[in-house]
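There are 2 protein chains.
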Amino acid sequence: MLEKRTPIQVDEAVRRVGRYKKQGDTEWVPLEDSLHRYLAEDVKADHDVPAFDRSPYDGFAIRARDSKTASRDNAVTFEVIDHIGAGAVSEKELGPYEAVRIMTGAQIPKGADAVVMLELTKTFSENGTDYMSVKRPFHAGDNISYQGEDAKKGSSLLKKGTKITPGVTALLATFGYASVPVVRKPVVGIIATGTELLHVSDPLEPGKIRNSNAAMVYAQIIEAGAVPLNLGKISDDFDDSYAAVKEAMKKTDFLITTGGVSVGDFDFLPDIYDKLGAEVLFNKVAMRPGSVTTVARADDMLLFGLSGNPSACYVGFTLFVKPMIQTWLLNEKPHSGWAEAVLTNDFPKPNPFTRFVRAFVYHKDGKMMASPVGLDKSSSVTSLAEANAFILLPGGTRGYEAGMTVHALLIRDENGSEWPWSILSRSSRS
Amino acid sequence: MLEKRTPIQVDEAVRRVGRYKKQGDTEWVPLEDSLHRYLAEDVKADHDVPAFDRSPYDGFAIRARDSKTASRDNAVTFEVIDHIGAGAVSEKELGPYEAVRIMTGAQIPKGADAVVMLELTKTFSENGTDYMSVKRPFHAGDNISYQGEDAKKGSSLLKKGTKITPGVTALLATFGYASVPVVRKPVVGIIATGTELLHVSDPLEPGKIRNSNAAMVYAQIIEAGAVPLNLGKISDDFDDSYAAVKEAMKKTDFLITTGGVSVGDFDFLPDIYDKLGAEVLFNKVAMRPGSVTTVARADDMLLFGLSGNPSACYVGFTLFVKPMIQTWLLNEKPHSGWAEAVLTNDFPKPNPFTRFVRAFVYHKDGKMMASPVGLDKSSSVTSLAEANAFILLPGGTRGYEAGMTVHALLIRDENGSEWPWSILSRSSRS
Chain H
1 MLEKRTPIQV DEAVRRVGRY KKQGDTEWVP LEDSLHRYLA EDVKADHDVP AFDRSPYDGF
61 AIRARDSKTA SRDNAVTFEV IDHIGAGAVS EKELGPYEAV RIMTGAQIPK GADAVVMLEL
121 TKTFSENGTD YMSVKRPFHA GDNISYQGED AKKGSSLLKK GTKITPGVTA LLATFGYASV
181 PVVRKPVVGI IATGTELLHV SDPLEPGKIR NSNAAMVYAQ IIEAGAVPLN LGKISDDFDD
241 SYAAVKEAMK KTDFLITTGG VSVGDFDFLP DIYDKLGAEV LFNKVAMRPG SVTTVARADD
301 MLLFGLSGNP SACYVGFTLF VKPMIQTWLL NEKPHSGWAE AVLTNDFPKP NPFTRFVRAF
361 VYHKDGKMMA SPVGLDKSSS VTSLAEANAF ILLPGGTRGY EAGMTVHALL IRDENGSEWP
421 WSILSRSSRS
Chain D
1 MLEKRTPIQV DEAVRRVGRY KKQGDTEWVP LEDSLHRYLA EDVKADHDVP AFDRSPYDGF
61 AIRARDSKTA SRDNAVTFEV IDHIGAGAVS EKELGPYEAV RIMTGAQIPK GADAVVMLEL
121 TKTFSENGTD YMSVKRPFHA GDNISYQGED AKKGSSLLKK GTKITPGVTA LLATFGYASV
181 PVVRKPVVGI IATGTELLHV SDPLEPGKIR NSNAAMVYAQ IIEAGAVPLN LGKISDDFDD
241 SYAAVKEAMK KTDFLITTGG VSVGDFDFLP DIYDKLGAEV LFNKVAMRPG SVTTVARADD
301 MLLFGLSGNP SACYVGFTLF VKPMIQTWLL NEKPHSGWAE AVLTNDFPKP NPFTRFVRAF
361 VYHKDGKMMA SPVGLDKSSS VTSLAEANAF ILLPGGTRGY EAGMTVHALL IRDENGSEWP
421 WSILSRSSRS
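One line per chain: the protein sequences are H and D, in this order. Residue numbers 1 to 430, in full-length UniProt numbering, belong to the letters of the first sequence in order. Residue numbers 1 to 430, in full-length UniProt numbering, belong to the letters of the second sequence in order.
Hints may be right or wrong, so weigh each one.
Any copy will do: because identical chains look the same in the list, a pair fits if it lies in one copy or spans two.
[Said to hold, decoys possible] Below, a list of computed lysine-lysine pairs in the DSS-like style, where the Cα atoms sit at most 27 Å apart: (1) 163 with 333; (2) 246 with 284; (3) 367 with 333; (4) 364 with 159; (5) 349 with 135; (6) 122 with 333; (7) 251 with 367; (8) 349 with 152.
Source of the hints: derived by calculation from the structure; they are not laboratory data. For clarity, every value in this text was computed on a predicted model and none was experimentally measured.
Just need the whole structure built from these sequences, with the hints factored in.
Below you can see the structure in the form of structure tokens.
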């Protein structure tokens with residue numbers, strides 16, 4: 001009666017899922033709506049930046065050689081022949097001992113090869129002519145931002161798959177991207193299973209709990225860069241449940257179910273996968289929490305069967321769903337980043353399987369510190385609120401002591417990581 | 001003619017701005033729209049979690065003492081008297097050698113004090129009665145999640161000012177927050193100044209540049225948790241500009257201008273502050289880039305005059321605007337977090353003033369590494385796209401060499417920091 005499941009290692013599970021990557025197509029959105037989207041195309045410089053030699057300061061453009069004899073005791077005087085603001089271009093060309101008043105960002109006039117900051121000059125007028133004097137010499141090139149020094153025309157600026165941050169936005173604006181090619185977000189469906197589940201707005205009832213997983217996964221999907229679609233709770237009837245999953249697959253790019261993947265009598269998912277003709281990539285992973293996590297593939301679509309326990313569900317999403325969303329978005333480092341960290345507390349439990357311990361990480365004295373938070377039970381929901389990392393304890397290890405170095409998986413790290421994490425490859429055992 | 005400005009230290013500048021903190025009021029939003037908002041109220045547990053003793057596994061609830069004699073050679077057999085799914089409650093009470101089939105998450109039936117995982121049992125039927133046998137003893141409490149072990153009723157779960165992450169969402173769902181009290185986002189206006197500015201959609205013209213600052217600041221405002229309001233470009237006419245600023249102040253909670261704060265002939269902002277009767281908190285900061293950053297206060301409102309140079313503008317936003325937005329959102333650590341990091345490259349320039357060097361930080365071998373990116377000129381826009389940190393080099397220091405420890409200000413760090421950063425207090429000089 002009881003189905004026997006063979007657990008596979010985390011490393012192998014992630015690799016199996018990663019084989020079925022899909023990538024999104026392109027859509028154009030206004031620049032102001034593009035924050036935190038992912039570029040669908042490489043961005044190259046279509047002009048030099050700066051587009052012309054310009055002044056980084058307010059001051060006077062001069063011919064440096066005219067200032068050669070200037071010193072504290074010997075002011076050199078220039079005639080101010082023009083006065084240009086940023087955005088304007090002087091039509092004059094500087095002759096000997098001539099200067100042009102110039103604003104920050106303005107184009108260097110012809111003949112000039114240096115800019116003197118306003119603070120280092122003295123100005124005066126005589127007979128309707130403006131003059132400026134300096135008391136130190138300048139060299140050709142002083143205070144000039146040269147054309148192309150920031151970016152040369154044709155140079156590669158941003159790779160597709162780049163997440164659009166405010167700094168990227170500035171670059172896109174500079175190159176005239178009022179509209180930006182970004183990857184269409186995948187739609188990720190969420191179906192909850194579990195006869196014990198109440199709606200979030202329901203009053204508590206004996207033996208029941210509110211459906212926190214769907215709300216949590218909904219938020220995780222947004223954070224991973226996709227569009228969540230909450231498809232409600234599956235019914236207790238197998239045929240209805242099967243029909244609901246079939247229908248959901250038509251509306252979504254990925255489908256997540258929470259709960260129902262265990263071996264209990266009310267766990268429909270294995271039978272639904274079966275009836276779909278789905279290929280089950282695995283239905284047991286040698287990890288805690290989340291060992292019952294199942295991933296299947298049907299009609300070229302990945303079905304993620306996450307555990308009904310909140311922390312197990314969170315870990316399953318982080319390991320398997322998020323990287324596939326990030327791959328869809330063309331990110332070349334789709335996995336969560338990790339760092340070595342110093343454990344702040346003893347963690348005495350042995351780890352027959354790879355263990356993911358909810359933790360809060362922070363920087364202190366040049367090191368990253370990792371503190372386990374709250375209870376380490378997969379049913380715990382309070383500790384998830386504090387966690388910003390999972391401490392990864394390889395299978396086959398004994399307890400850990402405060403001060404030992406561990407690996408922390410950083411939940412909202414932006415640098416990301418390629419697979420495999422070296423720590424997992426090392427710990428994979430047959 | 002030339003106005004003399006006295007620079008103040010970064011530390012002092014941040015403190016002056018921080019004196020005028022304002023905090024937002026409360027609005028209620030649906031849970032699914034609350035991601036990355038900030039809680040306006042403390043959240044306490046209004047019930048125990050778990051709300052009842054429950055089973056973390058599929059299996060059988062038993063009286064542990066009945067299994068005392070069980071061993072590999074001596075199976076102890078229990079009669080299965082009931083069968084309950086998650087969400088259901090058994091009305092039976094266990095007697096000696098009786099068991100109840102129980103699902104993950106289901107309430108422990110009366111009389112039972114342990115749960116045996118399904119995998120450790122053998123089941124059979126005889127004469128219409130179901131039996132289950134075990135081959136090892138269990139202890140009272142084995143595999144039971146006790147009422148309140150995750151959170152006790154009345155305990156404090158989340159403080160106001162907490163950023164809502166997926167883990168926080170799970171907790172809010174558990175406690176029935178279908179609607180969540182969050183802090184109303186402040187509206188932050190952006191006015192650009194500069195005769196050289198083209199719209200992002202405009203073709204390039206001689207001497208002009210596209211307005212990348214407004215787009216960048218727009219994105220920074222969203223990332224900081226506020227609502228940006230792009231109010232376009234100020235005109236070249238003083239009276240029109242003054243009227244535009246006056247009008248903007250009515251529609252916004254904070255107002256940012258980019259450019260126009262220098263001492264150039266087209267820099268209107270100082271005169272506008274003057275006509276507004278604004279108190280100028282400072283108009284020069286001993287830092288690079290961004291020394292001309294100005295903050296003024298008029299009609300109980302902060303006016304941020306950021307530099308027109310992209311990197312200087314970015315730094316000014318990070319140091320002065322973001323903390324005020326985060327304070328409005330009740331975050332008790334409103335400043336950017338920082339960490340000690342190892343410099344990967346020489347940085348030979350001396351630092352007469354506090355310098356913020358755009359950098360990319362990453363984790364390697366238990367350390368955070370900081371690599372300066374691109375040009376270190378305040379006009380550089382390409383390097384901002386790569387930067388996720390600013391290396392903070394205290395004023396009065398000489399060049400730095402690869403391998404030295406520096407302080408990195410983490411742009412999108414979520415842990416945040418209180419003021420003062422110890423590094424800045426140490427480096428503040430009179």
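Could you tell me which of the hints above the structure violates, numbers in ascending order?
Those not satisfied are hints 6, 7.
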